[in-house]
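Enquirer: Chains A and B, in that order, are what the protein sequence lines are.
511 is the number of the first residue of the first sequence in the numbering used here; add one for each residue after it.
511 is the number of the first residue of the second sequence in the numbering used here; add one for each residue after it.
By construction, these hints were calculated from the structure, which means they are not laboratory data.
Everything numeric in this text was worked out from a predicted model, so none of it was measured.
Every clue listed holds true.
Pairs count within a copy or across copies, as identical chains cannot be separated in the list.
When the alpha-carbon atoms are kept at most 20 Å apart in a straight line, the in silico SDA-like pairs for lysine to any residue are as follows:
1) 534 - 598
2) 563 - 536
3) 569 - 588
4) 563 - 552
5) 533 - 598
6) 520 - 546
7) 534 - 597
8) 668 - 658
9) 577 - 517
10) 577 - 598
11) 520 - 548
12) 520 - 556
13) 520 - 552
14) 534 - 516
15) 520 - 565
16) 533 - 600
17) 563 - 619
18) 636 - 676
19) 636 - 592
There are 2 protein chains.
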Amino acid sequence: MPLYSESVTKLIEKFSSLPGVGKKSAQRVAFHLLGLSEAEVEDFAATMVEAKKTLCFCKICQNMSDKEICDICANPARDASVICVVEDPRDVVSIERSLEFHGRYHVLHGVISPSKNVRPDDIRLKELVTRIDGSVKEVIVATNLTVEGETTAMYIAKLLAPLGVTVSRIAHGLPVGGDIVYADEITLARAISGRTKIS
Amino acid sequence: MPLYSESVTKLIEKFSSLPGVGKKSAQRVAFHLLGLSEAEVEDFAATMVEAKKTLCFCKICQNMSDKEICDICANPARDASVICVVEDPRDVVSIERSLEFHGRYHVLHGVISPSKNVRPDDIRLKELVTRIDGSVKEVIVATNLTVEGETTAMYIAKLLAPLGVTVSRIAHGLPVGGDIVYADEITLARAISGRTKIS
Numbered sequence: 511m512p513l514y515s516e517s518v519t520k521l522i523e524k525f526s527s528l529p530g531v532g533k534k535s536a537q538r539v540a541f542h543l544l545g546l547s548e549a550e551v552e553d554f555a556a557t558m559v560e561a562k563k564t565l566c567f568c569k570i571c572q573n574m575s576d577k578e579i580c581d582i583c584a585n586p587a588r589d590a591s592v593i594c595v596v597e598d599p600r601d602v603v604s605i606e607r608s609l610e611f612h613g614r615y616h617v618l619h620g621v622i623s624p625s626k627n628v629r630p631d632d633i634r635l636k637e638l639v640t641r642i643d644g645s646v647k648e649v650i651v652a653t654n655l656t657v658e659g660e661t662t663a664m665y666i667a668k669l670l671a672p673l674g675v676t677v678s679r680i681a682h683g684l685p686v687g688g689d690i691v692y693a694d695e696i697t698l699a700r701a702i703s704g705r706t707k708i709s
Numbered sequence: 511m512p513l514y515s516e517s518v519t520k521l522i523e524k525f526s527s528l529p530g531v532g533k534k535s536a537q538r539v540a541f542h543l544l545g546l547s548e549a550e551v552e553d554f555a556a557t558m559v560e561a562k563k564t565l566c567f568c569k570i571c572q573n574m575s576d577k578e579i580c581d582i583c584a585n586p587a588r589d590a591s592v593i594c595v596v597e598d599p600r601d602v603v604s605i606e607r608s609l610e611f612h613g614r615y616h617v618l619h620g621v622i623s624p625s626k627n628v629r630p631d632d633i634r635l636k637e638l639v640t641r642i643d644g645s646v647k648e649v650i651v652a653t654n655l656t657v658e659g660e661t662t663a664m665y666i667a668k669l670l671a672p673l674g675v676t677v678s679r680i681a682h683g684l685p686v687g688g689d690i691v692y693a694d695e696i697t698l699a700r701a702i703s704g705r706t707k708i709s
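Chain A on its own, in the form it takes in the complex:
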């Protein structure tokens, strides 16, 4: 005998399929949803479908957008001579929050990963290469400090080498406010090898 009705069981399964949502959380979320009004549930469902339907990618930077050219690429105040390459649209949001970067972005939508069978052609590298013309001076690779992220950074450096553009990597080291005692050895190694001169 099933413990929940078929439709409730199916709803719990759907939520369980989301990343980071376990069986208990899925139950909790499903029951919360069932406690909302029918109009609220319909609005939630419509939001999902609407977001998926209107989703498109900026023709220039490949970031998620609801326009052909995203707001950042369309903004003439942004420096077109610097491109920051990231793995994921969320990285753009994080970097934007830092208020430190005023150039444009390029979203790869993934990283090269032989173990997950993600090849260079599977991420948006071709689109990056076509963007490199005389106006672009520097490409900052801001992929994560993982094997895949590093591999992708190296691949991009080699790919763009013939095009006469400077390829740089964001700095890795101790986080601001981080205590050396508590830093892991890999971060510490990066902090030492990436040391800069005090002028």
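Got chain A sorted already, so can you dock chain B onto it with the hints?
Expert: Just chain B, lined up with the frame of chain A:
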């Protein structure tokens, strides 16, 4: 300038509104969803609406069901003389898993809570009272061991006293396999005050 398109921002907000889903998780879940095919997203959305639309409550035990009378109440093999009162439909699932209870349930859909302005009339107590006829011998109150759960248990005991039915409370004490050293004082106090004779 919004960092995500309007529809994506709205989707993230919807997921953030769910219990136990923080801002970062909501982003992660929303992006996962946007990575699915349009058909999959539509199926997810339809499941939500469908579950809400078909949701109804068993006329007898008030548990969530997709039928007028739920499978447990409709099962003649279940002992109709014992009713286990729980706060939430999920509690029914947990108790069913224990395979220890063979009677029927009554789901209150909440507990009396003056601080949250939940009065006895706001939970399904009237429906419990109407179920107490000559055939019901015992009501086991299995609300949680919280102030509200205890208050509700006491209230039920008083409410049913004139009806000549035995009202009992599930036992609280050390969990099976639990170590006394690590037990919190309240559990330990309950374990001592609720001690049973070794026959």
